[in-house]
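**Q** Sequence order for the protein chains is S and D. 1 is the number of the first residue of the first sequence in the numbering used here; add one for each residue after it. 1001 is the number of the first residue of the second sequence in the numbering used here; add one for each residue after it.
Fair warning: there could be bad hints in the mix.
Covered stretches of chain S, as calculated for chain D (at least 3 residues, CB under 8 Å) [claimed, not checked]:
1) 36-42
2) 102-113
On the chain S side, residues computed to face chain D include the following (Cβ under 10 Å) [stated by the list, open to error]:
3) Val4
4) Arg9
5) Phe33
6) Leu45
7) Phe48
8) Gly58
9) Leu90
10) Cys91
None of these hints come from the bench; they were simulated from the model. The structure displayed is predicted, hence computed values, not measured ones. Quick reminder that beta carbons are idealized off the backbone N, C-alpha and C, glycines included.
In case you want the letters, here they are:
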Amino acid sequence: DVKVTQSSRYLVKRTGEKVFLECVQDMDHENMFWYRQDPGLGLRLIYFSYDVKMKEKGDIPEGYSVSREKKERFSLILESASTNQTSMYLCASTLGGQRALYEQYFGPGTRLTVT
Amino acid sequence: AQSVTQPDIHITVSEGASLELRCNYSYGATPYLFWYVQSPGQGLQLLLKYFSGDTLVQGIKGFEAEFKRSQSSFNLRKPSVHWSDAAEYFCAVGAGDMRFGAGTRLTVKP
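Looking at chain D on its own, in the form it has when it is part of the complex:
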């Protein structure tokens, strides 16, 4: 069965700084890959998705993610973080069923 690892439980960045959230997956083939964001007290919202093709995918709110097959990774990036980006971020793998990582909580310092 596939699995997802988000190595960072909590990350703090300054407003305006760049951001990279890490995600590694374990699966025999190339799965479908997703990033979701959960603002406090809210459900999850889909940020972006990868099915096939171009390994750099663009999402909403200025986020992008890059699929690297050799590293089994799908890291999420944003060039300049805004205070409103403070939330919890979940990486997910779809292959038969859906598996979510444990999440990375992002704090943004003013």
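The shape of chain S in the complex, shown without the other chains:
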């Protein structure tokens, strides 16, 4: 069974802290994604990665960076957390190939609160 796990379900951090959100998939998927989900806005893509050490900016990369040192793990980094980064963060992964790119498997999400 497909599985995407995220390191924390809930996280509370202070403004200015460096925050790491980790995502691990056990399906040998090539592509991994980080989204943030806010009420009324749906999901917005922050970054994605189509291979180890490769990354591409999504729609809202400002204030975030990512790291993918191993195929199964994709980390989202908030260099200096701010209150407007309070949100639900969702990780997803997919196989390679055109159609498979859109069949995304999601983790349970991390609800981050920045105070």
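Given chain S, put chain D in place with the hints provided.
**A** Just chain D now, kept in the frame of chain S:
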């Protein structure tokens, strides 16, 4: 760039009643179309997908969706709703990248 609109933010239906959730998209060609469901506190789960061919697609949990090119729509339907269907539903369009609608929250009355 493609976009997705879910006109209904919140819908309430009685258990056993039929359900239709609306989704409209904007894109020059026919994109790939998806419906996802998010139960409270959970990630998103793929309900069904449309790539090409038969415009009526069947998904998991008894859901179906119909692609109507003339209306740029991909509405989700279920003939009889169960209390466990209460969740948030997202329509998504895949064309180059993936775009999600804002979501429709479904409440099921007993």
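**Q** If you take the shortest Cβ to Cβ gap from S/Gly58 to chain D, is it below 10 Å?
**A** holds, 8 Å
**Q** Taking the closest Cβ pair, is S/Leu45 under 10 Å from chain D?
**A** Nearest chain D Cβ about 7 Å off; hint holds.
**Q** Count the residues of the segment 102-113 of chain S whose CB lies closer than 8 Å to any CB of chain D, then report whether that count reaches three.
**A** holds (count 8)
**Q** Against chain D, run the beta carbon of S/Phe33 and see if the smallest gap drops under 10 Å.
**A** holds, 8 Å
**Q** Does the nearest C-beta of chain D fall within a distance shorter than 10 Å of the C-beta of S/Val4?
**A** holds, 7 Å
**Q** Holds or violated: is the Cβ of S/Cys91 closer than 10 Å to a Cβ in chain D?
**A** holds, 8 Å
**Q** Classify the hint on S/Phe48 as holds or violated, based on whether any CB of chain D lies nearer than 10 Å to its CB.
**A** holds, 8 Å
**Q** Less than 10 Å between beta-carbons is the criterion; does S/Arg9 satisfy it with respect to chain D?
**A** With a minimum Cβ separation of about 8 Å from chain D (threshold 10 Å), the hint on S/Arg9 holds.
**Q** Check, residue by residue, whether the segment 36-42 of chain S contains three or more positions whose beta-carbon lies closer than 8 Å to a beta-carbon of chain D, and give the verdict.
**A** holds (count 3)
**Q** S/Leu90 was flagged as interface toward chain D. Is the shortest Cβ-Cβ separation under 10 Å?
**A** For S/Leu90, the interface hint holds, since the closest Cβ of chain D sits about 6 Å away, which is under 10 Å.
Every hint from the earlier list agrees with this structure, and none is contradicted.
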